[in-house]
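A.B. asks: Sequence:
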Amino acid sequence: MVKISAVLPAYNVEKYLGQCIESIINQNIECEIIIVNDGSTDNTLSVAESYKEKYPFIKVFSQENCGQSTARNKGIENATGEYLLLLDSDDYLCPDTLNNLYDLCKQNDLDYIRCGWNSFVEGEEKSFLTLPKTESINKVISSKKYFCELIKAGYNCLLWNGIIKRQFLTNIGIKYFEGIQYEDNLYALQLYLSDYNAKVMQTDIYLTNARLHSGTTTSSKPKLKKITDILKNVELMDEFIETLTEDIKPIAKKAVSSLVFALTNVYFRLDKKDRKKANKLISKKVLQDAIKYPYDNFQKKKVYAFLHFRPILTVYNCTLRKFIAKKREKKRLNG
16 MVKISAVLPA
26 YNVEKYLGQC
36 IESIINQNIE
46 CEIIIVNDGS
56 TDNTLSVAES
66 YKEKYPFIKV
76 FSQENCGQST
86 ARNKGIENAT
96 GEYLLLLDSD
106 DYLCPDTLNN
116 LYDLCKQNDL
126 DYIRCGWNSF
136 VEGEEKSFLT
146 LPKTESINKV
156 ISSKKYFCEL
166 IKAGYNCLLW
176 NGIIKRQFLT
186 NIGIKYFEGI
196 QYEDNLYALQ
206 LYLSDYNAKV
216 MQTDIYLTNA
226 RLHSGTTTSS
236 KPKLKKITDI
246 LKNVELMDEF
256 IETLTEDIKP
266 IAKKAVSSLV
276 FALTNVYFRL
286 DKKDRKKANK
296 LISKKVLQDA
306 IKYPYDNFQK
316 KKVYAFLHFR
326 PILTVYNCTL
336 RKFIAKKREK
346 KRLNG
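Count along the sequence shown from 1, add 15, and you get the number used in the numbering used here.
Hints were generated in silico from the structure; no laboratory data involved. You may find that some hints are simply not true.
Cut-off 20 Å, straight-line C-alpha distance, at most; resulting in silico cross-link-like pairs (EDC-like, lysine to aspartate or glutamate) [stated by the list, open to error]:
no., residue 1, residue 2
1, 160, 150
2, 160, 37
3, 160, 105
4, 167, 261
5, 268, 253
6, 268, 289
7, 268, 250
8, 167, 150
9, 148, 219
10, 190, 261
11, 159, 47
This one's a predicted model, so the numbers in the text were calculated from it and none came from an experiment.
Start from the sequences and build out the full structure, keeping to the hints where you can.
C.D. replies: Now the structure itself:
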């Protein structure tokens with residue numbers, strides 16, 4: 016059996032896919048690489064096929080543009096490795112890490128292992144190392160305990176940065192919910208809490224170089240679908256939380272609170288037409304339910320303001336964004 020299957024959903028990443036693939040090939044461990052082209056309109060598929068011709072352990076699948084969750088499910092379904100690496104195809108691995116992770120998993124019979132990562136912005140020298148500061152770092156603990164430590168340390172449901180035993184995923188029977196964004200939130204919650212006794216380790220190994228795309232998050236206006244996707248995630252996460260034991264429910268709701276908080280950020284960046292539609296989608300019940308989640312102080316204040324003063328805050332946000340945009344344009348023109 017192959018030791019690790021790397022699953023790469025790929026959409027319009029012709030510039031980055033080669034670096035991602037090379038970083039896996041250069042690891043000192045037996046891997047298979049599964050690339051799922053998700054209806055790319057650039058040369059992503061050609062890049063993938065060229066690597067497939069060179070390396071027999073690379074598989075390439077292609078589908079119409081169905082979204083990252085569908086692509087990941089397809090990759091996982093076709094994986095044969097003992098462990099799975101779920102990697103964004105515009106990121107790449109740090110050298111000589113997978114072998115260490117695999118050895119730790121085998122020595123401790125782990126169901127999954129988590130790591131640190133390095134975030135960087137394309138074209139900039141700065142980068143940011145992140146290592147979740149859980150209490151039991153480099154120790155084998157239960158999945159339930161790890162989830163609690165992760166939330167306590169101020170992190171949301173991290174999923175992508177590590178490797179997962181494939182048989183464990185089969186045993187708990189989870190898949191990515193298809194057709195929506197933010198699907199990692201639900202999937203991670205199910206991964207951590209479907210089996211409280213799963214064996215986990217948070218290591219101090221840095222696995223991934225995560226690429227941040229400068230400007231794309233703040234300058235472009237989100238679509239209304241982001242609101243509907245967040246609401247769907249909240250609904251599905253709430254349904255899953257209801258199946259949990261009472262002692263873990265309040266902590267699990269903390270993971271949902273981060274998603275509700277994200278809704279407030281997306282809402283204020285919608286255009287006027289979509290905001291009107293969003294107001295209808297965010298029903299009175301959703302607003303009433305939103306306050307029940309446990310937030311930190313800043314989140315709580317912002318969510319409360321969002322619930323009660325949305326029209327005023329919308330005008331303020333729009334005015335502030337226009338002011339910032341004018342300042343940036345003036346600075347650009349003046350050199």
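A.B. asks: Under the constraints set out in the numbered hints, which ones does this structure not fulfil?
C.D. replies: Result: hints 2, 3, 6, 10, 11 break, sorted rising.
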